[in-house]
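J.: As a plain string of letters, each chain reads:
Protein chains: 2
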Amino acid sequence: MIAYYNGHFCDKAAIVISPDDRGFLFGDGLYEVMRSYEGKLFELELHLARLAYGLDQLRITGVDLGQTGAMAQELLLKNSLLQGDATIYLQITRGVAERVHHFPAAGTPPTLYACARRLSPNRELPLQGVPVVSVADQRWSRCDIKATGLAANVLASQAAKEKNAFEALFVRGGFWLEGSRTNVFFVKNNVLRTAAADQFILHGVTRAVVLRLARSLGIENRESAVTTEEVAQVEEAFLAGTTIEILPIIKIDGRTISGGQPGPITCRLRDALRHLTAGLRVS
Amino acid sequence: MIAYYNGHFCDKAAIVISPDDRGFLFGDGLYEVMRSYEGKLFELELHLARLAYGLDQLRITGVDLGQTGAMAQELLLKNSLLQGDATIYLQITRGVAERVHHFPAAGTPPTLYACARRLSPNRELPLQGVPVVSVADQRWSRCDIKATGLAANVLASQAAKEKNAFEALFVRGGFWLEGSRTNVFFVKNNVLRTAAADQFILHGVTRAVVLRLARSLGIENRESAVTTEEVAQVEEAFLAGTTIEILPIIKIDGRTISGGQPGPITCRLRDALRHLTAGLRVS
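Those protein sequences? They're chains R and E, same order as listed. First residue of the first sequence? That's 1 in the working numbering, and the numbers climb one at a time after it. First residue of the second sequence? That's 1 in the working numbering, and the numbers climb one at a time after it.
Since the hints were derived computationally from the structure, they do not count as laboratory data. Treat the hints with care, as some may be off.
Stated by the list, open to error - Restricting the straight-line Cα-Cα distance to at most 30 angstroms, the calculated cross-link-like pairs of lysine-lysine (DSS-like) are: (1) R:K146 to E:K161; (2) R:K161 to E:K146; (3) R:K12 to R:K40; (4) R:K161 to R:K188; (5) E:K78 to E:K146; (6) R:K251 to R:K163; (7) R:K188 to R:K163; (8) R:K163 to R:K146; (9) R:K146 to E:K78; (10) R:K146 to E:K40; (11) E:K78 to E:K40; (12) R:K78 to R:K161; (13) E:K78 to E:K12; (14) R:K163 to E:K163; (15) R:K251 to R:K12; (16) E:K40 to R:K12; (17) E:K40 to E:K163; (18) E:K163 to E:K146.
Only a predicted model underlies this, so the values are computations on that prediction, with no experimental measurement involved.
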């Protein structure tokens with residue numbers, strides 16, 4: 001596999017991350033997972049805008065994001081991923097320096113690492129739906145920064161797996177915010193609901209696309225997290241993310257919702273998103 | 001510099017951390033910073049107990065902690081650090097695996113990395129004291145796990161540095177909990193106070209030693225965080241940590257405390273800790 005590392009393309013197996021990399025020592029970095037359909041990057045600008053925001057918030061400097069799209073395309077080409085679907089993983093850290101908590105000397109170059117891999121989407125799950133479970137949100141209070149310090153997400157995701165659930169939903173102060181690696185939407189009283197894009201959730205690219213599609217389809221929507229009380233009464237729910245697109249939720253904490261079937265609003269949005277990406281495939 | 005990596009001692013520059021190491025991708029790991037005085041490890045058992053606790057909480061398996069003391073001693077020997085003071089940094093991650101949030105397959109070996117470096121303690125700061133600033137605590141709610149996802153600590157530490165302060169103190173819900181890399185103690189109405197060892201602070205080794213010393217010296221003490229209201233009335237304050245030992249605080253958010261001098265209870269504890277470690281030096 002050909003990967004990208006600090007300005008060069010090379011065999012992934014040849015990459016040497018230093019034990020003094022701040023990504024390794026401090027989780028002091030950011031990441032993005034982008035998606036390609038037949039070699040075309042989905043919503044590149046939204047990914048780059050979020051990355052720029054994260055770099056600004058963490059005050060990591062010295063990254064030329066203008067090259068990111070071309071780099072991702074080159075990764076697809078070099079790995080024979082221009083046909084079919086693929087994901088591009090990109091990570092940026094504050095670079096290599098002797099271990100002290102505060103920032104290293106100005107001019108310390110950040111670490112840039114990226115790789116691409118083939119994605120073979122599960123064709124059944126978007127039709128059947130998936131079960132999810134809730135977990136207490138133990139994450140930090142800057143979930144809007146797509147940082148690599150993901151231990152809480154790892155533990156939540158593992159908890160879901162052990163309960164045969166597809167995803168774990170973080171609940172903080174009674175509000176159902178998002179999944180460990182996806183955003184979550186609910187439908188209640190025919191209104192589409194998802195948590196507001198504040199500092200407690202990741203501002204998902206697919207989340208933004210779903211809201212755009214909802215508006216264009218005339219689906220009433222509100223950026224306001226549902227509460228534990230409200231979750232008991234939702235008509236529909238689904239997960240949204242770059243890798244999974246839209247996955248209907250049919251079970252929450254063991255309780256069947258939406259009659260165990262993807263709901264009508266979920267299906268409309270799922271199909272609209274599929275239509276959008278199908279356009280990328282053929283264009 | 002000779003470091004330790006997955007069972008072997010080698011030149012630190014030869015160590016290759018994989019970009020698929022979960023420490024790099026997810027901050028999915030733990031660390032310890034131990035201290036030696038003339039080649040003798042300080043409170044090794046407390047460090048190992050905390051490490052065992054963290055491994056248990058994160059459910060990282062396959063680590064034989066029984067070898068840690070000997071490994072640390074060997075690092076000191078191989079780096080000519082048996083004389084003088086040194087710190088030993090140890091990091092354990094959940095190992096190398098293709099990037100998915102949940103745990104990798106059982107049997108995936110964890111990554112173990114350690115290195116040692118000379119410590120030249122500042123002789124003036126324990127006598128003069130240091131200024132600190134407060135920051136909003138944005139960390140996760142499992143600060144009792146000494147995990148490597150330290151972005152919030154990095155930002156706090158940098159904020160302190162930019163205000164010419166030695167340390168940033170995390171304040172959560174009005175409670176002054178600990179520093180970005182140290183624990184904090186206050187003296188109010190002649191009672192020594194530090195936050196209780198719950199999930200919102202690191203259970204510091206030096207913190208435990210300070211409480212032990214306080215008890216043996218007959219200093220009244222209480223594990224209960226001071227509030228913002230109380231901080232305005234404290235008589236003394238100090239930081240405690242493996243690397244810094246005890247450092248008096250003489251300024252909080254720009255306001256001089258304790259008359260700008262280390263307070264009497266602070267000095268008694270600082271000197272008692274120094275006496276303890278001096279014993280290691282000569283034994």
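J.: Decide, hint by hint, whether the structure agrees.
T.: Now the hints, each set against the structure:
Taken as a hint, the R:K146 and E:K161 pair is honoured in the structure, with Cα atoms around 25 angstroms apart against an allowance of 30 angstroms. Restraint check: the Cα-Cα separation between R:K161 and E:K146 comes to about 25 angstroms, which is no more than 30 angstroms; the hinted pair holds. At most 30 angstroms may separate the alpha-carbon atoms for a hinted pair to count; R:K12 and R:K40 meet this at roughly 23 angstroms. In summary, the hint linking R:K161 to R:K188 is supported, as the alpha carbons are separated by about 27 angstroms, within the 30 angstroms threshold.
Straight-line distance between C-alpha atoms of E:K78 and E:K146 comes to about 27 angstroms, which keeps the hinted pair within the 30 angstroms bound. This hinted pair checks out: R:K251 and R:K163 have alpha carbons roughly 12 angstroms apart, not beyond 30 angstroms. Between the alpha carbons of R:K188 and R:K163 the distance comes to roughly 26 angstroms, so the proposed pair stays at or under 30 angstroms and holds. With a CA separation close to 26 angstroms, the supplied pair R:K163 and R:K146 stays within the 30 angstroms bound.
Between the alpha carbons of R:K146 and E:K78 the distance comes to roughly 40 angstroms, so the proposed pair goes past 30 angstroms and is violated. Proximity of R:K146 to E:K40 is assessed by CA-CA distance (about 41 angstroms); at most 30 angstroms being required, the pair is judged violated. A distance of roughly 14 angstroms separates the Cα atoms of E:K78 and E:K40; the hinted pair therefore holds under the 30 angstroms criterion. Only pairs whose Cα atoms come within 30 angstroms are accepted, and R:K78 paired with R:K161 is rejected, the gap being roughly 34 angstroms.
Between the alpha carbons of E:K78 and E:K12 the distance comes to roughly 12 angstroms, so the proposed pair stays at or under 30 angstroms and holds. Note on R:K163 and E:K163: the hinted pairing is violated, with a Cα-Cα distance of about 48 angstroms set against a maximum of 30 angstroms. Restraint check for R:K251 and R:K12: the C-alpha separation of about 39 angstroms exceeds 30 angstroms, so the hint is violated. With a C-alpha separation of about 41 angstroms, the suggested pair E:K40 and R:K12 falls outside the 30 angstroms cut-off, and the hint is violated.
Taking the CA atoms of E:K40 and E:K163, the gap is near 36 angstroms; set against the 30 angstroms cutoff, the hint is violated. For a cut-off of 30 angstroms, the pair hint linking E:K163 to E:K146 stands: about 26 angstroms separates their Cα positions.
In summary, the structure is inconsistent with hints 9, 10, 12, 14, 15, 16, 17 from the numbered list given earlier, while agreeing with the others.
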